[in-house]
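Participant: Listed below, chain by chain, are the residues.
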Amino acid sequence: MDLAIALTINGLVWGLIVALIALGLSIIFGLLDIINVAHGDFFMVGTVLVLVVAGSTSFWVAVILVPLLGFALGLVIERLVIRPTIDAAALTIATSFGLSMIMQESVRATFGAQARRMPMPVDGTIRVFGLDYDIYRLLAAAFAAACIAAFFLFLSRTTLGTWIRAVRHDRETATALGIPVARVCAITFAIGTALALLGGAIAAPITTVEFRTGVDILPACFMAVIIGGLGNLGGTVAAALLLAVLEGIVSSVADPTTARIASLAVMSVVLLVRPHGLFAGATR
Amino acid sequence: MESVLSIKGLTKRFGGLVAVDNVDIDFPKGVLNAVIGPNGAGKTTLFNLITGVIPATTGVITFEGSNIAGRRPHEIVARGLSRTLQIKSVFGGMTVSDNIRIAVFAHAKIVSPFWPAPSYRECTRRVEQLLEQTGLARLAAMNASQLSYGDVALLEIGLALANRPRLLLLDEPICGMSPSETEKTVERIKQLARGTDIILIEHDMEVVFAISDHITVMAQGRLLTQGNPKEIAANAEVQEVYLGAPEDLA
Amino acid sequence: MTAPLRWLVALLAILAIGMVPIILPALGATFWVNVAAEILIWSLLAASVNLLLGYVGLLSFGQALYFGFGMYGVAIGIGQFGLGIWSALALGVGAATLMAAIAGALAVRLTWHYFAIITVVFSLIFYFVAMSAKSITGGDDGLSFSLPPLFGKGGPSLSDRVTQFYFIYTICLVCYAAMALLVASPLGMRFAAVRENENRAALIGINVYLTRWIAFVAAGFLAGVGGALFALFGRYASASHMFYHVSGEAVVWALVGGIGTLFGPLVGTALLILFREIVSGLWDHYLLAVGAAVILTVMFAPRGIVGSIDALLALRRPDIGDADSDVAR
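Just so you know, the protein sequences line up as chains E, Y and U, in that order. Residue 127 in the numbering used here is what sits at position 127 of the first sequence, and the numbering runs on without skipping anything. Residue 247 in the numbering used here is what sits at position 247 of the second sequence, and the numbering runs on without skipping anything. Residue 283 in the numbering used here is what sits at position 283 of the third sequence, and the numbering runs on without skipping anything.
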């Protein structure tokens, strides 16, 4: 029972982090219509960068700096790689695959293949439901939740956020209204990337830092986006949390791999029966 | 008079919008039928319902003794009912003769993965015949994406003829054509009408009144009236409906 | 290219590849005979991607699943059930084709984004199953087995490099020949129609869903053959070859070689595997170059190598749209 609770809380922590990253994937998918298999690798780059930056400054500086770097990286990639290939719709998935290869190999080349651990920036545990739980994990969850909330506020309250929603809804009308669609797309891609790196920065102390971590997190993000419903941001968050908790519970009775298989099976069913996601019609 | 197509109680709702409203229409056999009406009258929706592109909310469509409402498009085609599209659409990456060849194969239900396509002599002969019939023989080797708009329309008609349809639905066949292309196409349609039953949607009133024997008028998703060209021209209700309607598109 | 020229090139290629186990050892490059065999095997996986993407217009990012079924069919067949080579082959290919039939019936109902995603999801599910069912599949470590004789005792054996090469070569030849026939056949034209304009295809009486399904099963068959040959070649099977990275690489090979062409998959696979063999000896991080190659190909040569050559040659001929070449493309 204790194990179940611990795994569920773990699930929530990871669920929030995955939700953050999945939001990035969702807006990119929603706006640019591309399946970006490199998105998980952006997360990985986030973990690596935070390790590097925190080495010379502090973790907290890194957590602010890394997403900004991510934003810049996103802008560059969008301009150099995404925009020139955007017309070849079926092929953008291959482009992102090439990007993924490049990122993984760059990290491997620069930092080696050795998995590294990052020390938690906040030591100590706290008593939760009769268990000793790492304070940092709870902090991470809170921070992720705050970022998600901030993101939704950004989307609904700012001009840029409104533009992004407009372009996502109806690109042609947005152009007719004078919204600079190309720039909005570039910024959206950059924000999506930044979110992934932010997720990586937050997650670095509670995961291993190596060039392959992106591969593990990618399916989780895609599941959240699909089950939540393409373009349905609230659904994505809900789905990420649901899946993480589900996997946590299943992991307590079976093993993590079985849990993963269970989530994938759920995803298949959703794809086949309600491809627009479980929460379609809720937000759109 | 015997009907080639008989529609009873056909309704199509898109959410709150009723595109086709409890329509009863009989299209007589052996004549060239035309469906006219202002924009939004539900004419193309009617065609889409008949050819199975969209499912009907309720209603029965009887063709050759059976109800085709709700069937899938390829099943309806197999029963001898073909159509052309308002926005002309063919297989762009292939040559004109290959376009027709596919349609012929589809009709002959040939799906073999083993023998090369041109080796089917019967089919090749039929392809040549159709090319003659539509006047596209000299363009046979040309890539369909390079055809002029008028020729694309003819190719579309060729595709629709491949399965020897007993009923051919033409959706605005001369839409967007130049006067000479229009003349050519109208000639073809008249020739085709001698052998096949045709129902035609058209906005160009000159053409409609010149070639059709029987006209069905729709407005706002409902049947307004039916009759021969003289009756329709004299009908006050039709005049009223059209006085407010946009001009001919041709 | 005109048909006769095509035939000539094809014939030359077939002969040249067939001479590999004779010429290369004479040049002291015996190692490369095995590389050539590997290229042929992996080209089948690329060909399965190509069949779906280039001919029917469906992007599958999960062909490694059927490769895996073929691979495990052989490994388990020989390792656990003591089957002979031919029965094991049949088991592997049969299992892969059956799996494709089942998965295809579900996947093909979806349109392209969701189709691509569900192909990955299916392959991931079985990847995880294979990883965890260690007792049957050996998980990540894999299963190895020893080869039974090819034609009964005392005959040629697959452990002989030359025999092995010609075994793989012959099967690949049969597969490519079958693909060539398929593409030029009425069924092949049906694929093209569905790819070009699925609405129009339905309106001339083609069952689009069924056509896609048939293509999916055929592609699963090809991938299964590749997997089965792979197991025989390496005498082992491992779940790591079912991961989506493998599927992704196959997509890359097919793209670089040329989607929608017959030899594209072979050229693409050959290029990238040779690149890997040659460059990885010199530079540890050759994957950077591969990734860059993919991006550059999509940007500048989306028709791939063979496709671009085809297009160039077509432009230089006065009579564009040769009826034969459009069908037998």
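No lab work stands behind these hints, which were simulated from the structure alone. There could be a bad hint or two in this list.
Once the Cα atoms are required to be at most 25 Å apart in a straight line, the calculated SDA-like pairs of lysine to any residue come out as [claimed, not checked]:
id: 1; chain 1: Y; residue 1: LYS29; chain 2: Y; residue 2: GLY70
id: 2; chain 1: Y; residue 1: LYS109; chain 2: U; residue 2: ALA105
id: 3; chain 1: Y; residue 1: LYS109; chain 2: U; residue 2: GLN80
id: 4; chain 1: Y; residue 1: LYS109; chain 2: Y; residue 2: GLY150
id: 5; chain 1: U; residue 1: LYS134; chain 2: E; residue 2: THR258
id: 6; chain 1: Y; residue 1: LYS109; chain 2: U; residue 2: ASN207
id: 7; chain 1: U; residue 1: LYS134; chain 2: E; residue 2: ALA150
id: 8; chain 1: Y; residue 1: LYS109; chain 2: U; residue 2: ALA101
id: 9; chain 1: Y; residue 1: LYS29; chain 2: Y; residue 2: HIS74
id: 10; chain 1: U; residue 1: LYS134; chain 2: E; residue 2: SER252
id: 11; chain 1: Y; residue 1: LYS190; chain 2: Y; residue 2: LYS109
id: 12; chain 1: Y; residue 1: LYS8; chain 2: Y; residue 2: THR62
id: 13; chain 1: Y; residue 1: LYS109; chain 2: U; residue 2: ALA180
id: 14; chain 1: Y; residue 1: LYS109; chain 2: Y; residue 2: ARG164
id: 15; chain 1: U; residue 1: LYS134; chain 2: E; residue 2: ILE206
id: 16; chain 1: Y; residue 1: LYS109; chain 2: U; residue 2: LYS134
id: 17; chain 1: U; residue 1: LYS134; chain 2: U; residue 2: ASN199
id: 18; chain 1: U; residue 1: LYS134; chain 2: E; residue 2: ALA265
id: 19; chain 1: Y; residue 1: LYS184; chain 2: Y; residue 2: LYS109
id: 20; chain 1: Y; residue 1: LYS184; chain 2: Y; residue 2: SER89
Being a predicted model, the structure only gives us computed values, none of them experimental.
Participant: Find the hints from earlier in the document that the structure breaks and name them by number, from lowest to highest.
Facilitator: The structure breaks hints 3, 4, 7, 11, 15, 16, 17 and 19; every other hint is satisfied.
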